[in-house]
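**Q** Okay, here's what each chain looks like letter by letter:
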Amino acid sequence: MSDANPDLQPILTLDRTVHEPSRLAILTVLSAAEEVEFLFLQRVTGLSKGNLSSHTQKLEGAGYLETVKAFRGRIPVTSFRITDDGKVALKAYHKQLRALLPEEKKR
Amino acid sequence: MNTVELSKLECLTKDYAAFQARKSGLATALGGLLAIVMFLLYCLLVPISNGFRLHWPRPVVRILAILIFATPLLWAALKPLLGRLLYRSLGEVKLKPEVTYERQRWYWVYGIVMFLLLFQTAALLSFIQGFLGYLSHPPAVGQIPTDLPSHWRSWLWVGVMPCAYALMAPWCIRGREEARAYSVLVAQGVIFTVAGFSFRGVNYSAASEAWWGAVWFILQMVILGWATLAIIRGRKEHREYLAILRNLPREEA
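First to last, the sequence lines map onto chains Y and B. Numbered according to this note's numbering, the first sequence spans residues 1 to 107. Numbered according to this note's numbering, the second sequence spans residues 108 to 360.
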């Protein structure tokens, strides 16, 4: 990493947990609501069950989301909620990415 | 996944959560439908004109009366049940609490409670006025109404019904649309209670009867107009909700 071009330093410091497209999509969806059920997250991101589970586990490991397990009748229902750390990380990521864009591409 | 797609994703989630919280027009459409049902049930009970009245056995009358006054509570119970039946297939998304929206919700709840308190106070004052009039000018033996127990039962509606409506309000109102529908149903209940009193032995002059009849008719026309628009609006909102569902990506094979 020490050999890296100093101009590329801001790109290299991007939070890789958030930077991955699927995880970015998951965090974006979660940031738009209070609590989101697994089924909706799966449909809206277009990910398979296995992929979604793997990404949510990584995000939970990083402390960016929390899993809420409940029962609807006898059926187990899994929902997710973005944590305060997750909100901060997503905001910081947006800020970093916007700073990296050329002036004319910033909205 | 570019930023445009992400913002679309965010909008889609927000819209879905907002629609799901309001059950995508269900509360409005159901409110409109039940307002019409209340009106029709009431028409079955009271004389529509001087020459026409349907005669029902007493238990049927009682059931119809209970149904009319329980309709706002029925709306509150039916709404989540139908919502669960119709809108759960894509998973639940809880809406973020919005301060302004939440504040408006409580304004509606307080408004309904104040209206019901005003109604109860007015009913109590009328009772006191009538009672004092009775003491100062006692009627002759032949003029005393024979169906006094039924008059007392009608006081049960004035005492209990508004309390039930008020207690249910914070529980069943989660937004403006629901508040509007619930307010109309509660207003219908109150209007029918007042109208019920006017048919229960109170002797009105022909002029005041015509005046109250006109007020009742105008109020019913307004409510029925609202109910029709609510059903149309509810249907439109439901179509918008279906459009959101269509915008969701297809499930992977």
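Hints listed in this document are in silico derivations from the structure and should not be mistaken for laboratory results. Be aware that one or more of the hints could be misleading.
[As the list claims (entries may be wrong)] Negatives, chain Y to chain B, calculated, CB over 10 Å:
no.	residue
1	Ala25
2	Thr28
3	Ala32
4	Ala33
5	Glu34
6	Glu37
7	Thr45
8	Gly63
9	Thr67
10	Thr83
11	Ala89
12	Lys91
13	Ala99
14	Pro102
[Stated by the list, open to error] Just some of the chain B residues that point at chain Y, by a computed CB distance under 10 Å:
no.	residue
15	Glu117
16	Tyr123
17	Leu232
18	Gly266
19	Arg287
Cβ atoms here follow ideal geometry from the backbone N, Cα and C, with glycine treated the same way.
**Q** For this structure, which hints from the list above don't hold up?
**A** When the structure is compared with the hints, numbers 1, 2, 3, 4, 5, 6, 7, 17, 18 and 19 turn out to be violated.
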